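Using the sequences provided together with the hints, build the complete structure.
Residue numbers (the numbering used here), protein chains in the order written: chain A, 2 to 886; chain B, 18 to 124.
In short, the hints are calculated from the structure, not lab data.
Careful, some of the hints might be misleading.
[To be verified] Per label pair, the in silico range of CB-to-CB distance: (1) A8(A) <-> G24(B): 40 to 46 Å; (2) A8(A) <-> R112(B): 42 to 48 Å; (3) G74(B) <-> C476(A): 48 to 54 Å; (4) A8(A) <-> Q52(B): 45 to 51 Å; (5) C476(A) <-> M96(B): 45 to 51 Å; (6) A8(A) <-> I108(B): 39 to 45 Å.
[Claimed, not checked] In silico BS3-like pairs for lysine-lysine, Cα to Cα no more than 25 Å straight-line: (7) K68(A) <-> K73(B); (8) K145(A) <-> K73(B); (9) K63(A) <-> K73(B); (10) K466(A) <-> K553(A).
Computed from a prediction, not measured in an experiment: that's the story for all the values here.
All C-beta atoms in this analysis are idealised placements derived from N, C-alpha and C, irrespective of residue type, glycine included.
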Amino acid sequence: MKKQKQAIPPRFAHRLFRLLCPPELFEELEGDMQEQFELDVNRAGEVAARKTYLLEAVKFAKPYYLKRRVAGLLTSRRKTQKKVHHYSPKPLSTAMIKNYLTLAQRTIVRYKSYTLINVLGLALGLSCGILIFSLVNYHLGFDKFHANADRVYRITSELHNETVSKYGSVPQPIGAAMRDDYPFVEKVSMLISFGGNISFPSRRDNPKFNDGVAYAEPDFFHILDFPFLAGDPEGALSQPNTAVITERLAQKYFKKDQAIGKRFRLDNKTDFTITGILKNLPENTDIRQEIYLSYPSIKQTTPWLNTWGGILSATQAYVLLKPGTDASKTDQAMAGISTKYYNAKDAKIFKFHLQPLSDIHMNLEFGGAIAKNQLIALSLIGIFLVITACVNFINLATAQALGRSKEIGVRKVMGSMKGQLFWQFIVETGLVTLIAFIVAIGLSYLALPFMNEMLSTRVTLDWLKDINQPIFAACLLVVVTFISGSYPGLVLAGFQPITALKGKLTQSQIGGFSIRKGLVIAQFAISQTLLIGTIVITSQMRFNTQTDMGFKKDAIVLMPVPETSPAKQSAMRARFSQLPGVEKVAFLSAPPASPENNFDTGIRYAGRPENEKFTIFYKTGDPEYLSMFGLKLVAGRNLVSSDTTREYLLNETAVEKLGMKSPHEVIGKNVNINGRNGIIVGVMKDFHSKSFRERIDPVCLTTRAVDNAQCALKVSNRNLAATLASIQKLWNETNPDYIYSYQFLDEHLQRFYEFDQLILQLMWVFAGVAIFISSLGLYGLISFMVAQKTKEIGVRKTLGAGVGSIVWLFGRQFAHLLVIAFVIAAPIGWWLVDKYLADFQYHIELDLATFIAALGMTLMIAIVTVGYRSVKAALINPVNALRSE
Amino acid sequence: MGRSYLGEFEELVLLTVIVLGAGAYGVSIAEELRQRTNRTISLSAVHIALYRLEEKGFVTSEMGGATLSRGGRRKRLFMITTAGRDMLTEIQEIRNQFWYAIVNPAQ
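See below:
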């Protein structure tokens, strides 16, 4: 018989057949297939036989075989265990998991510093992730709990002057108009808030509290769901002079006594009876008023409010539309309000719209807390931080894998399967992640109060209340474990046992070195950008507080003057002047510069027919004003205390804006400011009336005692505490019905820069996190390199290389990584801080030192990180290094 | 009645098992059927029929010895059971009755 070259069935078809064939039938079926194939080859030739074989293989995709195949997969574990000669535990059997846990525990204990670094890095990334998630989750959950939330709208106003300004507040009569004019409106309620002075004259001690109050119509509690603990929600606030307060305030005011039926007095004028107690406000609502007063009472307390022409910022209107109303159509109808209630000219100025309740928190135009895209940016930062932490973990773990190559080699030789090694590593990672996760939760709880304070939020970490948080945590745990565990796991499991045992693993077997370098560059670029920003903002803040604003601001105490009658003022002045620590007393409407109480008004100069094109800051003060703040006159004289003849002081900018060349020209001229005629008696040297963000504005100063709602005291620095105490005592004696408060002028001025302060704090935090994470990344990279170059170091040392030259071997590489990072970071940082500084009219100059400092700082950190690891490597006894083969 | 029935293809496979006697296994059955029926017969279909017949108790099987051919794989050899024979006989009788009725319509 002629021995032919054996024909082989097509490999692809054979594989397909193996895939489809149930394992228990495999032997007989494969035999039959093979025999049939051989028969066909003899009968019809190889080509035809191969074709038939493929067709036959495809035909095994029948439900009968597929069912048995799947069933076989499901029960295969039991069966393989029966077959003793094939014994090899599946990677995830209980026994193996126990074994993995033991191994993981041993590894963790054995490489303590490595575990510590990994845990810290992951914990930091994870806690950032947890905090950012809870923040985003918090912002997304605002005012969602109201049953009719999808039908509730707030009315907004647009004022079309030269520019369009938008407000979430409305003229007060609009509520009634909506109710009367539009059939699609089911309920309307106004909500008008004020600051309030709450007192209890009927009680002997007459305690006083400063708490905000809001006038609301009875429908308010039907539009929005704030549940009542006591009292009748139906009839609440329908009677005049009734009030509803929250449980928290009830406890604050009455301790354990029953609050219902009690009376309190508002602003020492109007009495209200408490008829209802609300449950404490949930964290996730923007409506934070805690005292609701019956709406009719507003006519009594604030009679001037009832006008279409003015919009008080705290006046809001909430509307509940009838079910099925198309909100887009209501806007057209709302245009009718402008035409019906305004004259033709004003109708073009005042426009009103409806804003959905869900939009209130997210719309910055109307004073929302945070915009959607800011939340998205925040989420991306969170994801980036978590991923960076994972990648750093991968970096360190793969570096570590090189050191463990022998362990893996031995395991493989002893019969470990790929799957087992992979799962062993995943379990190890899982354990490290779990520890990091517990640390991260602890960190988040610690950091939460600071975050809430910085961002003025009320985020809580309550895993029982909000189901989203535990779900997120579980997902995070699993995802992080798999992202950071699977790559090193695959690398480890894929080692060739022989190379691994010989200790000859190289870069190419680990792979991805340039990706790692890229990551470290990116991390350092971000750190450097943040550092540049932090340094610049810090210097600008120093500039803000240290630069002369043109007036004195040290050791000046400001306090309110609740009753501004001249008699009261002179009484206060007389008593304060007698205090030993007080050097000077002045009554005024506002200090030279102030973030609040700025009153902008029109000015008409010396018989000109119309008001000037600019407006002027109107401040009042007594003749002490100039000396109190050290203001200089460039022309004319100081004001004289008088309420009969009106005198004005202008600043240089005002004179310039009036078109006068010399300050002396305006002295003695008539001027009409805020509708009152007077004479210009002097011109003040310019001083900053606002923050350094803005140019110096025209300012005028006059005496008008009733406007002097503040009192400024110049105090001596000696015995300051005692002086402040006696000031408080005196104030309380002269104003028994009011609550004392005080502020130093320089602290008061800090409020110009509250936002910058916040940004600065955030920058510090982010810069800190970024630097920490990038040094971890760097540490991972250097560990990796050191692990690879052990032998090189050994050879160099035996040939006489010193520690310095070996450290330089590594340092050189990292120096150039940092320089690349800097080349990326410097222009980005320059562009960003330039934009920030452009916002200031008066600002520091950008200098090279800032950038060098940022580079220097990261260099220092890198030197410490790299230095530690490379010195350690350089100090190894070369014999050990060389013997590691 | 709770008794299993035979499909047409299953019946043919069962008959082949009897005809082939001791040498009945996947490939030989498929070859025999191809020769006798002139149909395209796929191995996978023959095997499904055999496994079903075994589940119904009409055939039994055992693994044969290993040989040098067919990649050293063993054969699964099938044998008819008494239940299988009874079933075939019964089918045959029912058919005979019908044919008798067709030929002698008077009855």
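Against the structure, the hints:
no. : hint                           : in the structure
1   : A8(A) <-> G24(B): 40 to 46 Å   : violated (35 Å)
2   : A8(A) <-> R112(B): 42 to 48 Å  : holds (44 Å)
3   : G74(B) <-> C476(A): 48 to 54 Å : holds (52 Å)
4   : A8(A) <-> Q52(B): 45 to 51 Å   : violated (23 Å)
5   : C476(A) <-> M96(B): 45 to 51 Å : violated (58 Å)
6   : A8(A) <-> I108(B): 39 to 45 Å  : holds (41 Å)
7   : K68(A) <-> K73(B)              : holds (18 Å)
8   : K145(A) <-> K73(B)             : violated (63 Å)
9   : K63(A) <-> K73(B)              : holds (20 Å)
10  : K466(A) <-> K553(A)            : violated (52 Å)
Hint compliance for this structure: hints 1, 4, 5, 8, 10 are not met, and every other hint is.
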